[in-house]
Amino acid sequence: MGDALLAIALAAGMTILLTVVSGAIGIVLGAPVMLLSRSRFAPLRGLYWGFVHIVRGVPTLVWLFIVFFGITQLGITLGAVTSALITLSVIAVASMAEIYRGGLNAIKPGQWEASAALGLGQFATARDVLFPQLFRAVSPTVATYLVGLIKESALASTIGVAEITFVAGLQVQYFGEGLTFFAFAGLMYLALSVPLGALSRGIHARLTRRYAVL
Amino acid sequence: MNDFSWLWDWPTHIPALLPGLAVAVMLTVVSCVIGYPLGFFLAILSESRSRWIRWTTIAVVEIGRGLPALVLLYIVYRGLPQLGVLIDAIPSAIIALTITAAAYSAEMIRASIAALPHGQTDAADALGLGRADRFRFIILPQAARISIPPLVNLTITMFHITSLASVITVAEIMHAAYLSGAINWRYMSVYIAAAFVYAVIAIPGAVLAGRLEQRLGGGKPPRRARRAARRGSEPGPVVSPAVAREHAPA
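Protein chains in written order, with the working numbering: chain G, 1 to 214; chain V, 1 to 250.
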């Protein structure tokens, strides 16, 4: 019993790995993808719209099965962990791009005009004027998304990735006592997401206190 | 085995998924129709004057939001038998999805109420309205307006989440896709057909939610101002969509 619970607790390592890797890829690659939505060229904006809506319009489970099972029809086989990382990362990129786009929309046009009036170049405007405000505007939404990603990673259990939910399911097959093990798995998710939520609230409070913008 | 026939043969797999679509829509409708009123009650209770009611409600909502829907499904379907409670797959899915819908909608409705300017409460008090009347006539109509776009989005998410019910053997879209794939081994074709079935409902839904948000006065500025902002130029006098409609030529 104790060993079984320990096994579930240790599986949190895989949950954290999935969350951190796909979250980091989303945070970094979401920015250049978001820039497509502000392109002068309509086809690039259309590409952005198509990418974001198709990725987010299909449930995560379906993408996961396309990448894990579907790709075998093309004669390619990916491991379960690789498939889960690819799927969660692509979805994170699309979601982060939308979050950044929303944050940029919240910045008033006057900021661009003021930067132009000060004679700042495009790069200086982005670095010194837009980025600090954007960071403050999106940090709570990004944190909410990361908490969601912890829970989303539970889907990887359906293709056999040994994270919390999968290992809990194994214990139930061995020992029965489904309520004990799945409730414990639920506690593990709360133990991961509650501190992340508290941390983000702290960071956001500090950021807005120091700068008092937005 | 470089087989690219899935590029054109996937639509032929859609008919096999349609009975599953009916089940998915049924699960979405039932869990939202029961879940949202529950969420409304939880939202009201979370503003209760009694500290115990308030904290219990917040704990229930946060646990409902904090657990992955998949774990909730397993707790109901594979967990409750430990207590001697055996529930069939479809009722289990309805219970788990309803809890999810209730917890998320409770938080959205609570946030919509909290988003109202405090002056609204003060004005209602100044008019001598009681607590109940203040809520019924001042707070509720405005909060309902704010909460509609997020609730439309939540409904789409709930439709997506019904895909998880396949893991407890509910015969929805993904279950139907899995069965087809097991027979013909054309997993790519079958799952792309499934993706299409979900997207064809979810994408128009997401566009609708975006429009509603714009029209009901939340979030995005009007399209003209967005275009101008993209160019980085002066947008000219920005007229809100509601005002523009009022002044539109008849």
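Just to be clear, a hint being listed does not mean it is correct.
[What the hints assert, rightly or not] To spell it out: a stretch of chain G is covered by chain V in this simulated footprint if at least three of its residues, at any positions, have a beta carbon under 8 Å from a beta carbon of chain V; those stretches are: (1) 4-15; (2) 19-28; (3) 79-93; (4) 155-162; (5) 183-193.
None of these hints come from the bench; they were simulated from the model. Everything numeric in this text was worked out from a predicted model, so none of it was measured. Positions of the beta carbon are idealized from the N, C-alpha and C atoms, including for glycine.
Query raised in the report: What hints, given by number in increasing order, does this structure fail?
Result: 1, 2, 3
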